[in-house]
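Undergrad: This is what each chain is made of:
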Amino acid sequence: MAEEKTFKLEIITPNEVVLSKDVLSITAPGAEGSFGILANHAPFMTSLDKGELKIKEPGQVNPLIIDINKGFLEVLNNKVVVLVDKVKTEDQE
Amino acid sequence: MASAKDIKKRIKGIKNIQQITRAMEMVAGAKLRRAQVLAESAKPYAEKIQSLMQNLGSSVSAFEHPLLTKRAENNVALILVTSDRGLCGAYNTNLFKKVQAYFRENQDKKISLFCIGKKGNDFFKHRNYDIRYYSPSDNKIMTLDKVNELVDKMINEYTNTFFDKVLIVFSKFVSVMNQIPTERPLLPVEKIEEKEDRRVDYIFEPGAQSLLEKLFPKYLENQLYNAIVESYASELAARLVSMKNATKSAGEMIDSLTLTYNKARQAGITKEILEIISGAEALKG
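Sequence order for the protein chains is F and U. Quick note: the first sequence uses the numbering used here, first residue 1, plus one each step. Quick note: the second sequence uses the numbering used here, first residue 1, plus one each step.
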C-alpha cells in the first residue's frame, strides 16, 4: 500500500490548543457548505459554521468527530489551522 | 509605657494578621501560576488570529470598512479592567491614576467608562463619572460570552458613531514585581502592516471582504480577552507582592514589640525586687 499522505492539523481555541497532530483528511462545515481537505491543499481561507469536524487519522477506521462552534480555517503550506471559540470532543462528555 | 499585658495582646493580634497575610500570599502564588498558564495557552490563538488578519489584509487592497476609518475623536469609550477585590497593593490605584490622567488630558472630549471589575466601578461611581457598563469580574476571568457581548456592543456603538474611539485600560503583566497600567486602542482597528514577503495567494470562501468582516469581531474579542487575562495575572502578582510585604512588616512589628515587651517585663521585675529589698531593709532597721 502506498504511503498515505498526511498533513498537520491544529485546532486552537482562545483557551488552549485542543489538538495538534498529523491527519489524513478532514471534513469541515464551511460557511458555503461542507468541504473536505486532503494533503497538499492549495492555500485556502474560509469561515466555519457550527457543526461537526470529521478527522481521519492514519491507522484509524472511524473518524474522530469534534463538535465546533463558528470559527475560521486556514490552509497554508500543508498545515491546517482551525480557530474556533469552543469545541466538544466525543470523549469529553 | 504600655503595660506588659497590653503589649502581649498586641503581639497576638499582629500574629493573627500575619497568619492571614501569609495565607493570602500563598493562595495568590498558587493562583498566579494558574493564571500564567492560562495567559500562556491563550497565546497561540492570539498569534494565529493576528496572522490571519495580516494575510487577509494584504490580500484585500484598499479595503474600506467602518471599523477601520479614523474619525475626529469626540466621543471616547474607555474600557477599564480592574479587580473585584482589594488587598493587592497599588494595582487598582495605578489604573485609576491612568484613567484620571486620561480624563485630565482630554477634557474637550466626552468620555464614557465601561468598567470590568468591582473596584473600578466603585471608585468612579463615587466620583460621579459617567459609567455606561459594569460587570464584576466574578473574582476570576470574565467568561468569553460576556467578553463577546461587550465587544459586539462596542462594535455596534462604534458603527453607529456613538463612539469615535474605544480604548482599553488594563494592567500589563511584565513580571511578578512589575505590572504597568497600559492603554491600548481597540477601535478603530489599526491597520496591520503589510508584509510583502508573506503574501500568499489564498483561495477565499466566501470573498475576502466578507471573511474579513467576520474576522473583525473575533479579533477584537481576542484583544479584549487577552487584556483581561493579563490583568488577572497582574492582579495576582500585585497581591502576592503586597501580601509578602505585609507578612514581612508584621514580622518586624512583632520583633520590635517583643523587645518592648521584654523591656517592660524586666522593668516590672526590677521594680518588684527593689520593693522587696527596701521592705526588708526597713524591717531590719
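Warning: the hint list may mix true and false statements.
[Unchecked claim] Facing chain F, according to a computed beta carbon distance under 10 Å, are these residues of chain U, among others:
| hint | residue |
| --- | --- |
| 1 | K48 |
| 2 | N55 |
| 3 | R127 |
| 4 | Y129 |
| 5 | N148 |
| 6 | D201 |
| 7 | Y225 |
To be clear, the hints were calculated from the coordinates, so they are not data collected in a lab. Small disclaimer: the values here were computed from a predicted structure and weren't measured. From the three backbone atoms N, C-alpha and C, an ideal C-beta is built for every residue, glycine too.
Undergrad: Please go over all the hints and tell whether each is borne out by the structure.
TA: To see whether the hints hold, each was checked on the structure:
For K48(U), the interface hint holds, since its Cβ comes within 10 Å of a Cβ in chain F; the closest pair sits about 6 Å apart. Interface restraint check for N55(U): the shortest CB-CB distance to chain F comes to about 7 Å, inside 10 Å, so the restraint holds. The closest approach between the C-beta of R127(U) and any C-beta of chain F is roughly 34 Å, which is over the 10 Å cut-off, so the hint fails. Taking 10 Å as the C-beta cut-off, the interface hint given for Y129(U) is violated, the closest approach to chain F being about 30 Å.
With 10 Å as the threshold, the beta carbon of N148(U) comes within range of chain F, its nearest partner Cβ sitting at about 8 Å, so the hint holds. Nearest Cβ of chain F to the Cβ of D201(U): about 6 Å, under the 10 Å cut. The hint holds. A hinted interface residue such as Y225(U) counts as satisfied when its beta carbon comes closer than 10 Å to some beta carbon of chain F; here the least separation is about 6 Å, so the hint holds.
Checked against the numbered hints given earlier, this structure breaks hints 3 and 4; the rest are met.
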